[in-house]
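*Asks:* Quick note, the sequences are listed as chains A and B, same order. Letter 212 of the first sequence, counting from 1, is numbered 211 in numbering that gives the first Met the number 0, and no numbers are missing. Letter 40 of the second sequence, counting from 1, is numbered 39 in numbering that gives the first Met the number 0, and no numbers are missing.
No lab work stands behind these hints: they were computed from the structure. Note that the structure is predicted; figures quoted are calculated from it, not measured. One should not assume that every hint holds.
[As the list claims (entries may be wrong)] Quick look at which bits of chain A chain B covers, simulated, 3 or more residues with Cβ under 8 Å:
(1) 48-58
(2) 64-71
(3) 82-94
[As the list claims (entries may be wrong)] Have a look at the derived ranges for each label pair, beta carbon to beta carbon:
(4) A:Gly114 with B:Glu312: 28 to 36 Å
(5) A:Lys174 with B:Leu296: 53 to 61 Å
(6) A:Arg7 with B:Asn399: 22 to 30 Å
(7) B:Arg401 with A:Gly30: 26 to 34 Å
(8) A:Gly114 with B:Thr281: 36 to 44 Å
(9) A:Gly114 with B:Ala362: 48 to 56 Å
(10) A:Asp24 with B:Val297: 54 to 62 Å
(11) A:Gln15 with B:Leu18: 40 to 48 Å
(12) A:Leu66 with B:Val285: 53 to 61 Å
Every residue gets a Cβ at the ideal spot worked out from N, C-alpha and C, and that includes glycine.
Spelled out, the chains give:
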Amino acid sequence: MIDITEVRKIYKMGDQEVRALDGIDVHIGKGELAAIMGPSGSGKSTLLAILGCLDTPTSGSYKLDGLAVEKMSDNQLADVRNKKIGFVFQQFMLLARTSALENVMLPLTYAGINGRERRRRAEEALARVGLQDRMDHRPNELSGGQQQRVAIARALANSPAILLADEPTGALDSKTGADIMALFRRLHDEFEQTVIIVTHDPGIASQTNRTLRIADGKIVGDDWHPNGRSANGTEETVVAAPAAAH
Amino acid sequence: MDFLENVRIALRALSANKLRSTLTMLGIIIGVGAVVGLLAIGNGAAASITADVQGIGSNLIQVIPGQMRGGMGGGAASSAVLTMDDVDLLQDNLKNTAGIAPVAQVGATVTYANTTDNQTVTATTPDYLAIRNREILRGRALSDADGERAARVAVIGTETARQIFDGLNPIGRTFKINGVQFEVVGLLVEQGGSGFGSADEVILIPLETGFTRLLGTSTVQSGQRTINSILVSAADPDRLDTVTGDIERLLRREHGLAAGEDNDFSVFTQQEILSTLGTITTTLQVFLGAIAGISLLVGGIGIMNIMLVSVTERTREIGLRKAVGARRNIILGQFLTETLVLSIFGGILGILFGVGIGAITTATGMLTAQVTWESIAMAFGFSALIGLFFGIYPAYRAANLRPIEALRYE
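Build out the structure end to end from the sequences listed, making use of the hints.
*Replies:* This is how it looks when you write it as C-alpha cells:
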C-alpha cells in the first residue's frame with residue numbers, strides 16, 4: 000500500500016538547510032490503523048504532507064499502491080489526492096455557507112462525478128458518519144464534533160485507499176474527541192479502511208494498532224499493538240458512538 | 000466540473016461579501032454606463048445634425064461656375080459662367096429630377112420707411128421652394144405668372160421680415176430694393192437653425208424680375224444671361240450619383256470641354272456635406288469612447304485589486320480544494336469565473352445605467368439619445384474582456400498556490 004524508502008525533505012532557510020525528513024523508511028499495509036507521533040518540529044506534519052501527496056520529497060521514493068508518487072506532475076498528484084486519499088484536518092476545513100452535503104460532494108465534483116450519483120455517494124458517506132439527518136445544515140449550524148464528522152464524510156466520499164488525519168481531535172473536547180476516534184476505529188473495523196492519524200497525544204495513539212514515533216526527521220520507534228484498546232471493550236462504545244453524537 | 004457549477008460557486012463567494020462585490024462592480028457599472036450613455040448621446044447629436052442638414056434638402060445638388068475642387072479659384076474660374084442656356088439644357092435633358100431652379104443673387108440696398116439695410120436678394124423660379132424644402136407660412140409663393148410679367152413681388156423669410164418690418168405683418172406691404180418698389184406676397188415658414196446664411200434671412204423675387212430690374216448688364220455675357228448657381232433636386236436620394244454624373248456630362252458637352260480638361264463648373268451634393276459631418280461625429284464618438292474606455296479600465300483594475308485580496312483571504316479554501324483533488328485549471332477556472340460574473344453582471348447593470356442616462360438626456364429635450372445595439376454589444380463585450388484580462392492574474396496566483404502552504408496559511 001504505502002512504501003516509503005529513504006525519503007528526505009530538505010528546506011532551505013536562508014543559508015541553512017533544514018532536514019525536516021532525514022531518511023525515512025516506512026511500510027504501511029492495507030487496512031492498518033496507525034498513528035504517527037512526535038513532538039512539534041519532529042517532521043510528522045511534513046511526513047503527513049508527503050504521504051498525502053500535498054508535497055513531494057526532495058529525495059527518496061514513495062510508492063502508493065505501486066504508483067511512484069515522487070515522479071508525478073501536479074495534475075497527477077491532484078488526481079491521486081482526489082481518488083486515493085481522504086484528508087481530515089484539525090480545523091475541519093469546511094467551506095462556509097455551504098451545506099454539509101455540498102461539502103461532501105466537493106471531491107466527487109472534482110472527480111467528475113455529477114448529478115444523482117454524486118448526491119447518492121455524498122449521502123452514503125454522511126450516513127456512514129451518522130449525519131444522515133444533518134445533510135442540509137451549514138457548518139455554522141453544526142457542533143464541532145458534527146463538523147469533524149462532515150469532514151470525515153468528505154474524506155470518505157471518493158472511497159479512498161487511505162484516510163489521513165492531522166490531529167483530528169485537536170480542536171475538540173475530550174468527549175467529542177473520543178467519539179471521533181471511535182468513528183475512525185469503526186471505519187477501520189467495519190470497512191477495513193486504512194487510517195493514518197498524526198497526533199502528539201499518546202491517548203489517541205494508544206487507540207490505534209501501530210504507533211510510528213518520529214523525532215528529528217527520523218523514525219525512532221515502530222510499535223505494534225494489534226488489538227489496540229479494542230481488547231478492553233472500547234469497541235462496543237465505538238459502534239454505538241454515532242447515536243451519541245457529541 | 001462544468002461552467003454552471005463554477006458560476007454557482009462564484010455567486011456564493013460574491014454574495015458572501017455583498018458590499019465589497021457591489022463596490023467593485025460599481026467601477027464596471029460606471030464604465031459601461033459611460034460607454035452606452037455617451038455613445039447614445041453622441042449618436043443622438045449626430046442624428047440631429049444630419050436631420051438638420053437633410054432639412055435643407057437631402058436630394059439637393061448645387062451647380063456653380065468654376066472649378067472648386069483642388070483649391071479655390073482655379074484657372075478657369077474667372078471666365079467660366081453658368082448661363083440660362085445651361086439651365087434650359089438641364090431642363091430638357093436631365094432625368095430623375097424633382098425640380099431645377101436657376102439662382103441669381105445680388106447684394107442690394109433694401110429700404111422701408113426710414114430703415115435701410117443691405118440684403119442678399121435671390122432671383123429664382125417657383126421650383127426653388129420645393130427644391131429647398133421651404134413652405135409658405137402666410138400669403139402665397141412666387142408663380143410662373145409672376146415670372147412671365149416680371150412682377151415686382153417678393154417672398155421673404157421671417158428674420159428678414161423682422162429686420163425690415165419690425166414685427167408688422169409684412170404681407171401686402173411694399174418696400175424698395177435698390178430703389179425699385181416691391182410688394183411682399185409671401186412669408187416663409189421659419190426654419191430655425193443658426194450660423195451664417197440663416198435660412199430665414201432671405202428675399203426671393205422672380206428670376207425675370209431680377210434680370211430686368213436689378214441685375215443689370217453685368218450679368219449678361221456674350222448675349223447670355225448668367226446666373227450664380229443651378230439648384231437641382233434629385234427625385235430619389237439613391238439617384239444622386241446618377242443625376243450628378245448626368246449634369247457633368249451634359250454641361251461638359253455644352254461647354255465644349257475636351258476629354259481630360261477640367262470641369263469649368265462644380266457640382267456639390269448634400270451627401271458630401273453629410274459625409275463631412277459624419278467624419279466630425281465619428282471623431283466625437285471616438286473621443287467619448289476613449290473617455291468611457293478609461294473608466295472601464297479603472298473599473299477593471301478595481302476588480303483585479305479585489306480579486307487579489309480575495310485570493311489571499313481564501314488561501315486556505317484554495318488549499319482545501321487542492322487537497323481534495325482540484326487540479327490547477329479548476330482553481331484557475333473558478334477564480335476567472337468569479338471575475339467574469341462580477342464584470343458581466345456589472346456590465347449588465349452598466350448597460351441599464353447607460354440606457355437610463357440616455358433616457359434622462361432625452362427627457363431634458365436637448366436631444367434624442369439613441370442607444371444602439373452595437374454600443375450595448377461593445378460595452379458588454381468590453382466588460383467581459385476586462386473581467387477576463389484582469390481576472391487572469393489573480394486566478395493564476397490562486398491556481399499556483401502550493402497546496403501544503405495554502406492549507407497552513409494563517
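*Asks:* All hints, please: hold or fail.
*Replies:* Against the structure, the hints:
1. 48-58: holds (count 4)
2. 64-71: Since 0 is below three, the answer is violated.
3. 82-94: It holds: at least three residues are needed, and the segment 82-94 of chain A offers 5 whose Cβ sits within less than 8 Å of chain B.
4. A:Gly114 with B:Glu312: 28 to 36 Å: The hinted range 28 to 36 Å holds for glycine 114 of chain A and glutamate 312 of chain B, with Cβ atoms some 32 Å apart.
5. A:Lys174 with B:Leu296: 53 to 61 Å: 58 Å, holds
6. A:Arg7 with B:Asn399: 22 to 30 Å: Roughly 25 Å apart at Cβ, these two residues keep to the hinted range, so it holds.
7. B:Arg401 with A:Gly30: 26 to 34 Å: 31 Å, holds
8. A:Gly114 with B:Thr281: 36 to 44 Å: For threonine 281 of chain B against glycine 114 of chain A, whose Cβ atoms are near 53 Å apart, the range 36 to 44 Å is violated.
9. A:Gly114 with B:Ala362: 48 to 56 Å: 51 Å, holds
10. A:Asp24 with B:Val297: 54 to 62 Å: 59 Å, holds
11. A:Gln15 with B:Leu18: 40 to 48 Å: For glutamine 15 of chain A and leucine 18 of chain B the Cβ distance comes to about 45 Å; the hint holds.
12. A:Leu66 with B:Val285: 53 to 61 Å: 60 Å Cβ-Cβ, so the 53 to 61 Å window holds.
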